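Undergrad: Chain residues, written in single-letter form:
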Amino acid sequence: MQHGKYRFIVGFLAVPLGLYALFVVWPFIQSIYYSFTDWTGLSPEFKMVGFDNYERMLDDTIFWKSLQHSLLFALVLPVVTIGLALFFAFMINVGGRHRKGGPVVTGVRGSSFYKIVYFFPQVLSIAIVALLFAFAYNPDSGAINSILRGIGLDSVQPLWLGDPDLALWAVMAVLVWSTVGFFVVLFSAGMASIPTEMYEAALLDGAGRATTFFRVTLPLLWDTVQSGWIYVGILALGAEAFAVVQIMTTGPGGPDYSTTVMVLYVYQKAFRDGQAAYATTIGVALLVVTLAFAAIVMRLGRRERLEY
Amino acid sequence: MKTAETPAPVPAESGASVVKVDGPAGPRRKEKKQGATLNVFSHAILIIWAIMVVMPLLWAVMTSFKDDRSIFRSPWSLPDRLHFDNWSRAWTEANMSDYFLNTILVVGGSLIGTLVLGSMAAYVLARFDFPGNRFIYFLFIGGMSFPIMLALVPLFYVVNNMGLLNTIHGLILVYIAYSLPFTVFFLTAFFRTLPTSVAEAAFVDGASHTRTFFQIMMPMAKPGLISVGIFNFLGQWNQYMLPTVLNTDPDKRVLTQGLVQLAVSQGYKGDWSGLFAGLVMAMLPVLAAYIVFQRQVVQGLTAGALK
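Here the protein sequences line up with chains A and B, keeping their order.
All residue numbers for the first sequence refer to numbering that gives the first Met the number 0, where the first residue is 0 and numbers rise by one.
All residue numbers for the second sequence refer to numbering that gives the first Met the number 0, where the first residue is 0 and numbers rise by one.
Just chain A, same shape as in the assembly:
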């Protein structure tokens, strides 16, 4: 297999690698370099300013707010999303009625129906989902407050996206809504591949459903849960958070910076305020947060791999 091997390797790698280097790797390196300059993005001239941007960032209250919100996203969203998804998946897979002569543990009836429906949001664009919920949240004519009025809660008419204390949670709820289904399907597939004898053994040993879940199901699914955790965290820090906050909130990022997340702040500084260098500085902070998040989850989640 030696004949012409290197020519072939170079020929096959050149275009994909070149494209990737030019549009992905090179901009990443550049942006770290730009964070030490005073580049505006509007003119090609700039000079090195050392750590000025970083010092400015540490004094920037909006930056600290955006960091706080992003950290909240990265902590809350994976917990809620993965938690709900595990719960639903467990219900689908072991919540079934025991039939005489059948296996001890069965899935609920219509489990495939649930899985099909739950997966709907996953195929929709987050932009479309965000637009839809922006209307649903409308305090006067939106679907949600209208339901509240309908069930007699006339006094409970939150401003949702207009309320600085509520807006961030309203946005997060949309991300949960759109991500849970994917993980229900993913975890269901994992749970279905766990041999029923394991459940039977646990039940025979007198374990309740909850114990079974925490002692049998969860450990066997651990790898999938962990990678899901990182996946949701990265989305919550990056693209998905950008889309929902940018589309749904006033400002965007408002009211009163209550929903500004780091990824949105980078975008606004670079493409609205003409402060490209400062934007890359915040971007570097976002990179650090993202990598730290992934490292912590991997570190905390390390345990022995169970074979079955």
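Rather than coming from a laboratory, the hints here were simulated on the basis of the structure.
Remember, it's a predicted structure, so these values are computed and weren't measured experimentally.
Treat each hint with caution, since some may be false.
[Stated by the list, open to error] Just some of the chain A residues that point at chain B, by a computed CB distance under 7 Å:
no. : residue
1   : Ile8
2   : Pro15
3   : Ser30
4   : Phe119
5   : Leu123
6   : Leu131
7   : Ser140
8   : Phe213
9   : Leu217
10  : Val265
11  : Ala278
12  : Thr279
13  : Leu286
14  : Ala293
15  : Val296
Ideal Cβ placement from N, Cα and C applies to all residues, glycine included.
Add chain B to chain A, keeping to what the hints say.
TA: Positioned in the frame of chain A, the structure of chain B alone reads:
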């Protein structure tokens, strides 16, 4: 954790087979009862979530057939009649047709490009030993965990300097580049699982590496290409952040951008019914395709995570 080794703590059950139950003995009855409660409970929970998923979508479909006044007055009332004019207005006046066309062009081009370039790179990385192989592989998959927004600031100017800003082909190239990490990651794993003997035989018979790849390995990798293709199709069709930054020309807008822009401009035009029609129009083809190709879509989207 074998059943046979487990000493059964319940006396009535000891010795009896686990699967077959002769009669509802005491503890078993309790277990059954618990199972029944759980069953009702789990159905209730599962149905509530199903309703929460479907309701917003049905609401959108319903709203797209209403006139503006009733949208505001009573969000949940049924339409007085089916206002199909909302749909035609969205399609022509609100430029939905252009957005669809642009999206199809961009996604079509980048999907083909991603699959061809991604499988070329993945094949080489999976099957050939050469210095730097590991480095290039990790360079590719590293792109999955980096915040793209950081790169987008300089990328805007890179693309601009190349004269590719606000062009369809420029967007295609960027989509391909940002789809490569997952595609390479997935297909490298896939090519590793394919048997080497067939390619070796072809090579011995005098086929070149290139020919072996296109005529033998690509067809063998078809299941993997379908999975990763579906994954990329949805990701690129639904992409919002990249076009928002790199594609600001109103004539070149893709679907997601166009809808968001429509929503912004409706603030003063007040054509909400047209906007809802646009939203549903964008939603339905993807949902319909999902329902038809349900199994493949789920496989494609979850394949990477299960590896």
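Undergrad: Now look at each hint and say whether the structure bears it out.
TA: Do the hints match the structure? See the list:
1. Using the Cβ-Cβ criterion of 7 Å, the hint placing Ile8(A) at the interface with chain B is satisfied: the shortest such distance is roughly 5 Å.
2. A least Cβ separation of about 4 Å between Pro15(A) and chain B falls short of the 7 Å threshold, and the interface hint therefore holds.
3. Proximity of Ser30(A) to chain B holds as hinted, the smallest CB-CB distance being about 5 Å (cut-off 7 Å).
4. With its C-beta approaching chain B no nearer than about 6 Å, Phe119(A) sits inside the 7 Å limit, and its interface hint holds.
5. The criterion of a C-beta within 7 Å of any C-beta in chain B is met by Leu123(A), whose closest approach is roughly 6 Å, and the hint holds.
6. Taken as an interface hint, Leu131(A) checks out: its beta carbon lies about 6 Å from the nearest beta carbon of chain B, inside 7 Å.
7. About 4 Å separates the beta-carbon of Ser140(A) from the nearest beta-carbon of chain B, less than 7 Å, and the hint is met.
8. Contact between Phe213(A) and chain B, as hinted, is not supported at the beta carbon level, the nearest pair being about 15 Å apart and thus beyond 7 Å.
9. Annotation: Leu217(A) was flagged as interfacial toward chain B, and the flag is violated, the nearest CB pair being 15 Å apart, outside 7 Å.
10. Taking 7 Å as the C-beta cut-off, the interface hint given for Val265(A) holds, the closest approach to chain B being about 5 Å.
11. With a least beta-carbon distance of about 5 Å to chain B, the hint placing Ala278(A) at the interface is held under the 7 Å criterion.
12. Interface hint status for Thr279(A): upheld, as the beta-carbon distance to the closest one in chain B is roughly 5 Å, under 7 Å.
13. The closest approach between the C-beta of Leu286(A) and any C-beta of chain B is roughly 6 Å, which is under the 7 Å cut-off, so the hint is satisfied.
14. Here the hint on Ala293(A) is kept, as its CB sits about 6 Å from the closest CB of chain B, short of 7 Å.
15. Interface restraint check: Val296(A) against chain B, minimum CB-CB distance 11 Å, threshold 7 Å, status violated.
Violated hints, in rising order: 8, 9 and 15; the structure is consistent with all others.
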